[in-house]
Amino acid sequence: MKKKLLSVVICAAMVSTLLVGCGGKTEQAASNDQATEEAKADEGGADKGGKLVVGFAQIGQESGWRDAETASIQQYAAEHPDEVELKFADAQQKQENQIKAIKSFIEQGVDVIGVAPVVETGWDQVFAEAKDAGIPIVLVDRTADVDEDLYATFIGSDFIEEGKVAAQQMAELIGGKGKIVEIEGTVGASAATDRKTGFDEEIAANYPDIEIVASQTGDFTRAQGKEVMESFLKSNPDIVGVYCHNDDMALGAIEAIKEAGKKPGEDIVTVSVDGIKGIFEAMVAGEANCTVECNPLLGPLFFETAQKLKNGEEVEKWVKSVDGVFTSETAADVIDERAY
Amino acid sequence: MKKKLSKLSENQWFWPIVIFLIIILFNTIMTRGEFLRITIVDGHFYGRVIDIFRNGGKLMILAAGMTMVLATGGTDISVGSVMAISGAIACSIIKGVLLPGLNGSVAAAIILAICAGIVCGLWNGFLVAKVKIQPIVATMILLVAGRGIAQLITNGKIVTINSDAYYFINGGYILGLPFPLYIVVFLVGLLILFVSKTAFGLFLESIGCNSQASKFAGIKVDKYLLAIYTISGCFASVAGLIESAGIKGADCNNAGLNIELDAILAVAIGGTNLMGGRFSIFASVIGALIVQSITTTVLALGVPAAYIRVLKAILIIVICLFQSEKFQALFSKAPKAKKKEGVA
Numbered sequence: 044m045k046k047k048l049l050s051v052v053i054c055a056a057m058v059s060t061l062l063v064g065c066g067g068k069t070e071q072a073a074s075n076d077q078a079t080e081e082a083k084a085d086e087g088g089a090d091k092g093g094k095l096v097v098g099f100a101q102i103g104q105e106s107g108w109r110d111a112e113t114a115s116i117q118q119y120a121a122e123h124p125d126e127v128e129l130k131f132a133d134a135q136q137k138q139e140n141q142i143k144a145i146k147s148f149i150e151q152g153v154d155v156i157g158v159a160p161v162v163e164t165g166w167d168q169v170f171a172e173a174k175d176a177g178i179p180i181v182l183v184d185r186t187a188d189v190d191e192d193l194y195a196t197f198i199g200s201d202f203i204e205e206g207k208v209a210a211q212q213m214a215e216l217i218g219g220k221g222k223i224v225e226i227e228g229t230v231g232a233s234a235a236t237d238r239k240t241g242f243d244e245e246i247a248a249n250y251p252d253i254e255i256v257a258s259q260t261g262d263f264t265r266a267q268g269k270e271v272m273e274s275f276l277k278s279n280p281d282i283v284g285v286y287c288h289n290d291d292m293a294l295g296a297i298e299a300i301k302e303a304g305k306k307p308g309e310d311i312v313t314v315s316v317d318g319i320k321g322i323f324e325a326m327v328a329g330e331a332n333c334t335v336e337c338n339p340l341l342g343p344l345f346f347e348t349a350q351k352l353k354n355g356e357e358v359e360k361w362v363k364s365v366d367g368v369f370t371s372e373t374a375a376d377v378i379d380e381r382a383y
Numbered sequence: 336m337k338k339k340l341s342k343l344s345e346n347q348w349f350w351p352i353v354i355f356l357i358i359i360l361f362n363t364i365m366t367r368g369e370f371l372r373i374t375i376v377d378g379h380f381y382g383r384v385i386d387i388f389r390n391g392g393k394l395m396i397l398a399a400g401m402t403m404v405l406a407t408g409g410t411d412i413s414v415g416s417v418m419a420i421s422g423a424i425a426c427s428i429i430k431g432v433l434l435p436g437l438n439g440s441v442a443a444a445i446i447l448a449i450c451a452g453i454v455c456g457l458w459n460g461f462l463v464a465k466v467k468i469q470p471i472v473a474t475m476i477l478l479v480a481g482r483g484i485a486q487l488i489t490n491g492k493i494v495t496i497n498s499d500a501y502y503f504i505n506g507g508y509i510l511g512l513p514f515p516l517y518i519v520v521f522l523v524g525l526l527i528l529f530v531s532k533t534a535f536g537l538f539l540e541s542i543g544c545n546s547q548a549s550k551f552a553g554i555k556v557d558k559y560l561l562a563i564y565t566i567s568g569c570f571a572s573v574a575g576l577i578e579s580a581g582i583k584g585a586d587c588n589n590a591g592l593n594i595e596l597d598a599i600l601a602v603a604i605g606g607t608n609l610m611g612g613r614f615s616i617f618a619s620v621i622g623a624l625i626v627q628s629i630t631t632t633v634l635a636l637g638v639p640a641a642y643i644r645v646l647k648a649i650l651i652i653v654i655c656l657f658q659s660e661k662f663q664a665l666f667s668k669a670p671k672a673k674k675k676e677g678v679a
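If you read the sequences in order, they're chains A and B.
Take 44 as the starting number for the first sequence in our numbering and just add one per residue.
Take 336 as the starting number for the second sequence in our numbering and just add one per residue.
Note that these hints are calculated values from the structure, not bench results.
Remember, predicted model here, so these are calculated numbers, not experimental data.
Wrong hints could be hidden among the right ones.
Keeping only pairs whose Cα atoms sit at most 20 Å apart, straight-line, the calculated EDC-like set for lysine to aspartate or glutamate is [what the hints assert, rightly or not]: (1) A:K305 - B:E345; (2) A:K305 - B:D377; (3) A:K353 - A:E126; (4) B:K430 - A:E324; (5) B:K492 - A:D110; (6) A:K222 - B:E369; (7) B:K430 - A:D379; (8) A:K306 - B:D499; (9) B:K492 - A:E380; (10) A:K301 - B:E660; (11) A:K305 - A:D281; (12) A:K353 - A:D192; (13) B:K492 - A:D310; (14) B:K492 - A:D379; (15) A:K222 - A:E126.
Chain B on its own, in the form it takes in the complex (with noise of 0.2 Å):
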């Protein structure tokens, strides 16, 4: 039995998971268990477990993408802006304002903007690969542009929509369960499974630990670096219809902003060094998923505005401190449990 934890500890996603349960321990204790409730109401599960899955799966598929990003070594900061393109791109076409010549029909809106979203990744990707600029810096011109060129789009207006097939995407409920949810477990799942089948996840860590000698090894590292990039921007415009659908319309100045910093948080408390080299994209779900939590944490405990900030970061240093080895190490009693980790 003993053994048998020793080794599940070694997995990447084991910590992460026993944080998060903390997490809910916690609430569940200062809320006096009405943070785990979960009552029925018109037909779905409606409780505060439910909201952290349906409010977290933007950013729990953002930071699938983003892990393999950093698997490599670079990073996309511009992630935010393309989920302000994409929802700005659905939202005008469904209002008829873009392309009134498509009706405004939902399907063709989430086709053309995850296409857009597809479009951004590969100008991300050709940046990185083929022009050699460095990953942030690449990604930094789309940051600031992106969040433009959404505003061309919508006029600098917020554009609001009435569509309850596209506020399915967001509020809409399978078999009692949040519909985002589906879209995560289908993306990541996806990914995952491609990741692990195929020597592709480890061509990434290659690439991340030393690009030069993979390229000398025989791997096509541009053609590897084109094809994240893409899958992150891609992910990124799904993340985008996912909160335009939330609040029926487009808000370019707001949507996504600073959601670069909260998918690069939760891939680090996932465990994956953000450097490049070995990564976890299940990890880094979780580590979605405490993020979420620490939000809906200080919204359960009524902290005052003012302090919102610090207690979060307070509760990030925490975590960060969980999930240091050295730290770890204070508390285990046996050092040679050590993990391997880290080839960077």
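Just chain A, with the same shape it has in the complex (with noise of 0.2 Å):
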């Protein structure tokens, strides 16, 4: 009996998948028919010869970090409608999707196609046919595990160059010497690696006098980020400072310094990576000293680089993004403008 409505309920449920499957694709077709349509309306009407028109090809909805990236280039194409002309796809989180999206792209002839893959591999076909059509592949804000020549260009952070900036920004926070405590992101994740590789060389390479003494994973999370900075408060009390891989594992470790009956920002100062509206919060309120920012805002950037890539200028194979640095003195100022 129990397992006759068992396989009853998942057959439905399978069935259920199948029908939702149809139904996300259906939806899928007849966008992609839409935008087809509206391509070649363009086409047959107006000229877009100085126009740049881009596609650009987005993950989805994933986190507010992507959100405000989405924002940011649909708001620029916005305020310049007379120059840039965007084709934006949401690929729901999945890369065939994407990948459909480019073909789509390839078809209308857009000029240039932006593309932050959803994962590193399975890209190299659909990147050899826009070759092959000679438009130039712009990879946003991840990599993809492709041959170089297949994409002109990647646009992202530097997460080694952010480890740097968050060591020099410590230095001169605690004086130059002091012990202090490094909390990692999850293990295996490149912004972690990087940002923990950053930071270390900078300080073993200018600063002797200060003493990475303890560092351990805080997985990304705030809660772990707190019981971590807990620990070491009892095996480190004279620590002067703590460096966090982003910025929610120093929410969490600002209240397991709170609770040591010392003062965060003041006793034992914290640098973190991100710039979430959060952590301004805090440095607005002094419990916070410094984040530097890995910045979503990358639409005028793309665009300029599409443009570069249109008029055949040569461009650099790794567009770095400008990370901003941010500190409890300068936090009030921008809190308001603060996206994400």
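The two chains are supplied separately, each in an independent frame; assemble them into the complex guided by the hints.
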């Protein structure tokens, strides 16, 4: 009896997934058709001569950071209607949708295709198709595991540089000497590995009086950042600073510092990476000291690069985005502008 | 004296306590006494042992609820997602995003979050008891969907709040001791009293051993199943409040992630058979303390990040060996001390 019911339920679930899947696909196809029609209308009607036409295949809605990136790209296009035309595709976290979008962009004959690859592999064929059609591919904020000559350039942050800048900020805050601790991101994530490498190398090379007495992973989460910091404070009561690979862990660490009866921002300084709104609030309250921004507002840089590619100008293989540094002194001025 | 000790060791909670003390002792030696040091900071106790009790609070509560579910031969893997839901609801209400008419009342937030936990538990209980879906599949629905619901409530963002009253749930102190400890003592104490003073516990064991036979013996199996899944959901929502209060925000992607496995592990370390039957809530709570102290140990020893999981696994294997009767028999010369356990 139990088994029968279970199988019925599973069957029902399977059928419903099928239906949902189909539904999604039809919708997708419909939107593709629409896009194609629009493109045809474009070709037939207005002369797109001077205009820069770009297709952008976004991953989808994944995090606040990505939403900010999407908004930045769309906003730039909306503000420059005479210069650029944006064809935007939301892939809903699926590679097949991104590939479909890219193929449709090729068919429409856009000037440049931008893509934030949802995964690293499986892009060779579709990128090659774009190359054959003479359309340069621009990777945005994530890399793809393909031959270098299949894409024109990669636009994104340099995590190692972020670590180095964080180290310089830390050194400045604590006067170039003292014991500090480091809370790492998820083991194996490139953001964690590179931010650690950059920070540790910079400290070792230029600041011999600063000692990193402990380094542990906090998995990029607030709760674990707090727990790790609690432990650090007990084994090393004399630390003067903490470096976190993202802002959320720093927010957790701040709570731990308070519980230990110390003042975050004064007794123990904090330096973290990302630039989320929460850390700005903490900086305004004087509980955090510094954040190195990992900039999602890539719209202007993306279109500038695309324009260069269209004009046939030389573009570097890695266009590094400009990451700002914000301290507790400057936080109050910019907090209202923070988009994410 | 010897007789007393052997009688004591027959209790299900005897070995878990011994293991817990060994872990504390091991840490004390490794850190040259630093581990046991307790100082007074800002009028409350401060030290690693206090941390174990405070950070272990949510796991102790989950383990208590989970013990009863496992005793009936079921399982509830949705507790982590229920934690995320309760945290999301509480933080959104306090921030005024959800139900702004409540003016960010902390009391209302807590009550509604716990109500949500009860609803989740009722749903699980309904699927298991009435629809007769296997417990692991039935609760898997909420494991997946629950986190999604939580993300819908918060729009996929981390909701940060700044309420000292809410923070008190995790970071507050009464008489120098952390507040989560009082929640644990209250909830678990109530549960143990209820189970030991009424026939409820006996019925659960009976259902776990043979639900068919229990039914014929006149036990209303469905009603009891519904009740324990509801209790488990309710406890999970309290754990969710503790977790989100600690970070002053609702982090739906990570709150209670994989904690159902820790809770089941805690019950197993406590010596309760996962197939159902005899159980001890107190032993599971000690089991939760052991799981938490393993984390604290790893942090206190400063193990490099890449080795943490392997070290945890090794510690758990050693603990499970200690719990195995065959392994214990190797050390005890009197095999007659064997317990009549594992009726299932």
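Distance restraint between K305 of chain A and D281 of chain A, which requires alpha-carbon spacing of 20 Å or less: holds, 11 Å
Hinted pair, alpha-carbon criterion (20 Å max): K306 of chain A, D499 of chain B. Please report holds or violated. Holds, because 17 Å separates the two Cα atoms, which is no more than 20 Å.
Pair hint K222 of chain A and E369 of chain B, alpha-carbon separation not exceeding 20 Å: holds, 19 Å
Between the alpha carbons of K492 of chain B and D379 of chain A, is the straight-line distance 20 Å or under? Distance ~18 Å between K492 of chain B and D379 of chain A Cα, so the pair holds.
Next pair to validate is K305 of chain A with D377 of chain B; report whether the Cα-Cα distance is within 20 Å. The given pair, whose Cα atoms are some 10 Å apart, holds under the 20 Å limit.
Between K492 of chain B and D310 of chain A, is the straight-line Cα distance small enough, at 20 Å or below? violated, 31 Å
Is K430 of chain B close enough to E324 of chain A, meaning Cα to Cα at most 20 Å? holds, 15 Å
For the pair supplied as a hint, K353 of chain A and E126 of chain A, confirm whether the alpha-carbon distance does not exceed 20 Å. holds, 13 Å
Given hint E345 of chain B paired with K305 of chain A - CA-CA distance at most 20 Å: violated, 46 Å
Given the hint that K301 of chain A pairs with E660 of chain B, does the C-alpha gap stay at or below 20 Å? violated, 46 Å
For the pair we were handed, K222 of chain A and E126 of chain A, check the Cα-Cα distance against 20 Å. violated, 53 Å
Verify the proposed pairing of K430 of chain B with D379 of chain A, using a straight-line Cα cut of 20 Å. holds, 18 Å
In this structure, the earlier hints numbered 1, 10, 13 and 15 are contradicted, and the remaining ones agree with it.
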